[in-house]
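Visitor: Given chain A, put chain B in place with the hints provided.
Protein chains: 2
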Amino acid sequence: MKKYCAGIDIGGTNSVIGLVDGQGNCVCDRTISTKDFETPEAFVKAACIEIRHCLEQNKDAQLSGIGIGAPNGNYYTGCIEFAPNLPWKGVIKLAELFRQETGTTSVLTNDANAAAVGEQLFGAAKGMKNFVVITLGTGLGSGFVINGEVLYGHDGFAGELGHVIVVRDGRLCGCGRRGCLETYASATGIVRTMHEWLDNSAQPSPLRNLEEITSRQIAEQGTAGDPIALEVVDYTAKILGRALADMVCITSPQAIFLFGGLAQAGDLLIKPVKKYMEENLLNIFKNKIEIYSSKLSSNAAVLGAGALAWKHT
Amino acid sequence: MKKYCAGIDIGGTNSVIGLVDGQGNCVCDRTISTKDFETPEAFVKAACIEIRHCLEQNKDAQLSGIGIGAPNGNYYTGCIEFAPNLPWKGVIKLAELFRQETGTTSVLTNDANAAAVGEQLFGAAKGMKNFVVITLGTGLGSGFVINGEVLYGHDGFAGELGHVIVVRDGRLCGCGRRGCLETYASATGIVRTMHEWLDNSAQPSPLRNLEEITSRQIAEQGTAGDPIALEVVDYTAKILGRALADMVCITSPQAIFLFGGLAQAGDLLIKPVKKYMEENLLNIFKNKIEIYSSKLSSNAAVLGAGALAWKHT
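The listed protein sequences correspond, in order, to chains A and B. Going by the numbering used here, 271 is the number at position 271 of the first sequence; the sequence numbering is gapless. Going by the numbering used here, 133 is the number at position 133 of the second sequence; the sequence numbering is gapless.
Source of the hints: derived by calculation from the structure; they are not laboratory data. Do not rely on the hints blindly, as some may be mistaken.
[As the list claims (entries may be wrong)] Here are some chain A residues pointing at chain B (derived, C-beta under 8 angstroms):
hint, residue
1, N130
2, I146
3, D246
4, T251
5, N280
6, K288
No experiment lies behind these values; they were computed from the predicted model shown. Virtual Cβ for every residue (Gly too), placed ideally from N, Cα, C.
Bound-form chain A, shown alone (with noise of 0.2 angstroms):
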């Protein structure tokens, strides 16, 4: 018998589910859309055809233990608590309802978390005790490990860095309030500089012609080295670096791993962001702290869930 933990990735459009061996390699990868189910009930049972679907294809498969990443996801409680782009309302007892569907092991965290688990059970914080992943995605998320383990705090919401507020009376964020990190610094946040960037100003750009500017393009455009976009690069990179190093007087990590869509840009971004850090860094703190992007492959939400599961079973 061969031993996985299912790693199961829930977006606000589709879920993704996999199955991640103890070497942190994923099999299988299957995607189900989130939408299309009422009730949580009905979404885990889809969830659990899947993961019976990926154990058949695979010889000797056996069930070790399921990992939850969720927007909203409450590591204590098992639960998925008032998550705006889901479909389900309230309190979702989803842990409770995979164990009850599969007689096993079932953690949830929220998807930054769960990446931060990925990384240091499979990933390039291997071995590290102290660290912070950060998700730039269409917002920004960041899961922080400390001693080894995933700081929660009391309630087991901690590591809520895109809502730290970076520009005060700034942009509106989702969450109701102004200026919060992730609205200057994810997918979303950089698209929204880019377009502030263009309305006040004439000068030319390839991404004028664009009918929807992505953060994709903007990275693309500032590798070839369109003035504006790097403009906009750069923008982001103080908001973001800035930012870090007040969380670094904080927390004091050995590394930040940047991971998500945004984090794709590499270098584009991190050398940027790395200067405005160490700028702003208490001396005590300078030229000791690494900015990485993730190695991790393309299905690391996957990845992270499970890895989640591999550390509690």
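Guide: Below, chain B alone, put in the same frame as chain A:
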């Protein structure tokens, strides 16, 4: 035999030495002038003589360990590292020197971390797994307890909340940068604010007649209803409350304890700090986190240092 741990609180001017029993009672309280000792070796010898005096005064007393709270004290290395306000320069192996002199377990950390351990073992944080202690003195120190353990981070220097930048290009800080939280929210910071307020208004205030304004006098005049004092307290509370809201986003504590001179202002300060923190909190954290002023006795710094030793014996 009755067991005691020695607690040593090292300050730039004076150091206080006492004995702490297992119930958190502080017996004996002796002060030596830090500045009188040109070398750390001479200081350690003098401090150990005081410890022995204390032990002799208490029948059947036995020394179980030594805890030291010191500026720039690094728990991991047991060293004081480049403390700007101490007479000894560079890296001082203080825990090792105490160990050699007494043959006893000796543990070192910074004063805010020691205060957090004191609060955890003998104060109002007993039984709490996640909380923060903030010391409002000459600067702003902070000690974070996460999952029951003090947060030291990768290099031992985590918890420098006083150096989070709250006003971009703001007041010059002792660390060489500008706009650090402690330049506004500390005993020194509130006095700086008061001088600015008095310089920029003609409003009468009893504080104008003083040769030197202290944070205690600002608190006294605020309690007595002086409008400028109340404005200055409100401004300080707003900056501190906002910074706490951002810190909560990262660490999600159960409670925050304010400690040190300025915290003695009690409700005068805590009420508006709590108000501004709540106004700025992300929804999921609202109405969950208590702010208390520490109830530890006047020799709380010695008690904290002693508690640190108790935690390790």
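Visitor: Among all the numbered hints in the text so far, which are the ones the structure does not match?
Guide: none
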